Amino acid sequence: MSKMHVKMNVNGKEVEGLAEPRTLLIHFLRENLNITGPHIGCETSHCGACTVDMDGKSVKSCTVFVAQAQGKDVTTVEGLVNEDGSLGVIQEMFREHHGLQCGFCTPGMITRAHRLLQENPNPTEEEIRFGMAGNLCRCTGYQNIVKSIAAAADTLNAQKEAAE
Amino acid sequence: MNEQTLTPEQRAANLKGMGSSRKRVEDVRFTQGKGNYVDDIKLDGMLFGDFVRSPYAHARVVSINTEEAMKVPGVVAVLTAEDLAPLGLHWMPTLAGDKQMVLADGKVLFQGQEVAFVVAEDRYAAADAAELVEVDYEELPVVVDPFEALKSDVVLREDTVDENGNATEGAHGPRNHPNHIFTWEQGEKEATEAVLSEADVVAEEMVYYHRTHPCPLETCGSVASMDKVTGKLTLWGTFQAPHAIRTVVSLISGIAEHNIRVISPDIGGGFGNKVGAYAGYVCSVVASIVTGKPVKWVEDRMENLMSTAFARDYWMKGKIAATKDGKITGLWCHTTADHGGFDACADPTKFPAGFMNICTGSYDIPTAYLAVEGVYTNKAPGGVAYRCSFRVTEAAYFIERMIEVLAIKLNMDAAELRRINFIKKDQFPYQSALGWEYDSGDYHTAWDKALESVGYDKLRVEQAQQIEDFKAGKTRKLMGIGLTHFTEIVGAGPVKNCDILGLGMFDSCEIRIHPTGSAIARLGTISQGQGHATTFAQIIASEIGLPADDITLEEGDTDTAPYGLGTYGSRSTPVAGAATAMAARKIRAKAQMIAAYLLEVHDDDVEWDIDRFAVKGAPERFKTMKEIAFAAYNQAIPGLEPGLEAVSYYDPPNMTYPFGAYICVLDIDVDTGEADIRSFYALDDCGTRINPMIIEGQVHGGLTEALAIAMGQEIAYDEMGNVKTGTLMDFFIPTAWETPNYITDHTTTPSPHHPIGAKGVGESPNVGGVPCFSNAVHDAFRPFGLTQTHMPHDHWRIWKTANDLGLHG
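In order, the protein sequences belong to chains B and R.
Counted from 1, the first sequence has number 80 at position 80 by this note's numbering; the numbering is strictly sequential.
Counted from 1, the second sequence has number 165 at position 165 by this note's numbering; the numbering is strictly sequential.
Think of the hints as simulated: they come from the structure by calculation, not from any bench.
Just so it is clear, the structure is predicted and the values come from calculations on it, not from any experiment.
Backbone N, C-alpha and C fix where the C-beta goes; we use that ideal spot for every residue, glycine too.
Treat the hints with care, as some may be off.
Said to hold, decoys possible - Reference excerpt, derived from the structure (chain B facing chain R, CB under 10 Å, subset only):
#, residue
1, G37
2, P38
3, T63
4, F65
5, F130
6, N135
Stated by the list, open to error - Computed footprint of chain B on chain R; a stretch qualifies when at least three of its residues, placed anywhere within it, have a C-beta under 8 Å from a C-beta of chain B:
#, region
7, 22–35
8, 38–48
9, 524–532
With the hints as constraints, model all of the structure from the sequences given.
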């Protein structure tokens with residue numbers, strides 16, 4: 001199958017490569033770009049391990065063709081680290097509140113939580129649970145994930161307030 | 001602050017040792033996507049393998065044509081059983097003493113069975129070519145019911161019958177039918193039957209624990225790289241037991257064991273799925289040998305659910321005898337175990353039904369008998385311990401249902417029935433009727449604490465009111481109170497009776513102290529999310545007084561780690577954790593001699609104090625472990641070798657027996673069949689607690705897996721052997737939305753035989769959680785005459801139960 005010239009912005013950098021149009025975005029990220037934070041857990045859009053941010057929306061990159069991502073802005077969990085290399089607030093709160101165990105769902109969880117808190121900076125527990133329902137975790141039972149996200153919301157809001 | 005001015009409490013706190021909710025060291029990598037899982041491995045020239053799988057549950061393979069597949073650009077090879085046969089690799093041994101086809105050898109026995117292995121330059125080409133492999137099948141009659149299988153003329157495994165069609169002897173003794181695998185008996189049959197015939201009361205029930213699947217978020221996979229120049233094979237994979245895999249690969253491939261390096265990198269959850277050896281592992285190795293290039297195989301979710309490692313599928317017929325005031329006098333159980341097309345259970349060799357003989361549970365039952373009959377059917381092979389220690393969850397579900405059934409028969413409160421039958425604290429160590437020696441327990445204390453914490457008596461009053469309201473037409477909801485007191489048996493196990501493929505189930509730890517007082521430790525286990533790098537460092541910190549933050553922990557590389565049997569069956573803390581403490585104590589013993597030399601006193605004149613040895617009676621004269629470490633490399637001490645390191649291979653004297661008391665309250669909508677979990681209280685006693693934060697996380701996760709299993713998760717087949725639940729659309733995994741918050745609690749009853757008293761906890765919540773959720777559903781319907789119904793309690797089944805009981809008017 002002939003390949004297309006793919007260009008997109010990933011984690012703030014312009015990237016390009018050759019790929020068959022049917023290539024899934026997750027495979028392009030992982031295999032062409034060596035961005036292995038997003039994982040493959042089901043390939044049917046159920047588990048959310050492959051969640052990335054595309055033009056300001058959470059998408060499951062296992063069901064997005066690379067052709068659909070042409071020219072888009074993509075953020076993965078690697079792009080949520082602070083400029084100095086330290087963990088971003090959501091990442092830090094997942095660590096602080098034991099919001100992960102095997103770590104396989106974590107990049108998708110954190111990337112989804114990042115978008116959720118953009119959409120709703122003050123979510124209730126119920127809103128967090130509903131907003132994260134597209135991401136499966138087999139280890140934590142979600143209780144500490146919910147706690148991590150609530151703590152991240154508080155920290156981000158406090159930071160915003162301090163800056164204003 | 002210097003070493004002199006810190007208080008003992010401050011010095012202990014600085015270590016972040018046992019009992020500290022130390023934050024996990026793994027998380028800095030994982031939270032920024034820097035884990036290194038099998039599918040993240042990328043090697044030069046690496047090829048991808050993909051399977052052609054059988055659409056039929058039972059069929060002869062008449063022919064396989066690979067011609068069109070080989071024409072796909074990028075395809076390098078298509079392997080079939082014919083290609084593997086000359087190497088003797090078309091079949092492989094299973095962990096249960098059976099053998100299993102790697103690629104279909106003339107027939108297939110379950111839907112999804114591996115038929116051919118396509119190797120290509122990328123995963124898309126491999127998938128394209130797999131579609132083009134033409135397989136001509138001749139369908140055979142399908143047997144999916146284990147009871148039918150034992151009566152059927154259809155012979156599933158022609159390789160296990162003689163020329164007259166009679167079953168040959170199996171790995172676990174005589175077989176009475178071609179589809180019969182083994183019968184395993186424990187306890188006293190005649191004595192138990194006598195008790196049953198003379199008892200005041202006998203309750204009898206069939207308790208079915210349905211077929212499900214561990215379904216870790218990361219599927220199974222491997223990368224094999226055969227270096228033809230050095231003759232060395234490196235095999236990365238999702239292995240819960242990397243050392244055992246190395247030995248097995250050596251034995252079946254003929255490659256010398258020193259030429260095989262097995263590496264388990266980060267593992268994205270295991271839950272028993274990654275204990276066994278799978279066709280994909282073997283095929284990736286063969287493909288790498290054949291092509292001379294590294295070959296990666298990673299299964300997709302559908303392949304995972306259809307082929308690698310189902311769990312449970314136990315039909316447990318039970319009889320329980322008691323006096324009229326509720327003292328249990330005997331327990332009888334006959335289990336029909338559906339093992340699928342090959343017996344690929346993950347059990348210690350001498351235990352074909354695992355530790356199912358822990359089924360007397362937490363109760364002092366004087367007489368008992370258990371028989372388990374293994375059966376071949378046209379379903380996927382397995383029978384793995386899905387977040388449990390070898391059939392312990394089956395056993396716990398069985399006894400906790402039988403107690404409830406007996407309570408109904410006696411018209412007694414099930415909490416009280418449990419209480420009067422618990423093994424008492426002063427009976428430990430307790431010899432059970434089915435052959436185990438329980439190490440320690442205090443069930444009454446745990447039970448009373450649990451009942452009091454949830455306000456049990458008040459809940460029953462509320463429930464009685466709700467039943468009245470329901471009957472009066474004021475509500476359509478029913479309240480269920482689920483009770484469970486479970487006893488586990490984990491930490492397999494003593495080499496005298498526990499081995500897997502002949503390998504004794506000890507485990508190991510090697511610790512090296514560096515001159516500047518930091519350390520590296522390596523273990524024979526492998527974390528899959530349990531946080532070993534965090535918790536094992538805590539054990540060492542407490543034992544030798546160096547901060548946990550200064551201790552690196554490594555697992556999973558067979559070239560560097562000491563030999564061990566891996567992580568499953570909650571064995572890491574009971575076995576490798578003990579090895580860790582013992583290795584640390586060897587180091588401390590040498591450190592004592594070094595300290596005495598430096599302090600110019602006799603060895604016996606110094607004593608251990610948190611992070612140092614001090615002169616007895618003169619605590620101001622001391623040497624810290626850090627100072628001692630440097631001296632070990634810097635001083636010529638008479639009679640001592642330089643350096644400070646130790647290794648321990650720990651053969652546990654007994655299993656450990658964690659226990660717990662769980663109570664679930666739920667509300668059932670009889671018209672929709674929905675069950676709303678109102679509260680869940682989990683009290684766990686895992687002995688000494690190493691990291692309370694991690695224990696709590698393990699309990700949350702295990703309870704959620706229990707919720708899934710009890711309330712909807714199932715591998716279901718139709719009568720043709722088609723898998724009806726092969727994707728996450730049909731196979732239930734709770735999301736954050738369906739999952740409740742849990743209340744966790746604990747008591748602490750240390751194991752008397754474990755060096756630090758720890759018992760293991762990761763699987764307790766699954767073992768106790770499943771009966772607790774299920775008992776809650778049953779309890780809601782108890783006033784309307786329900787005694788027993790089968791899991792999973794999804795909306796449909798609950799609605800059906802309500803309907804069958806006439807609750808829909």
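Checked against the structure, which of the hints given earlier come out wrong? 3, 4
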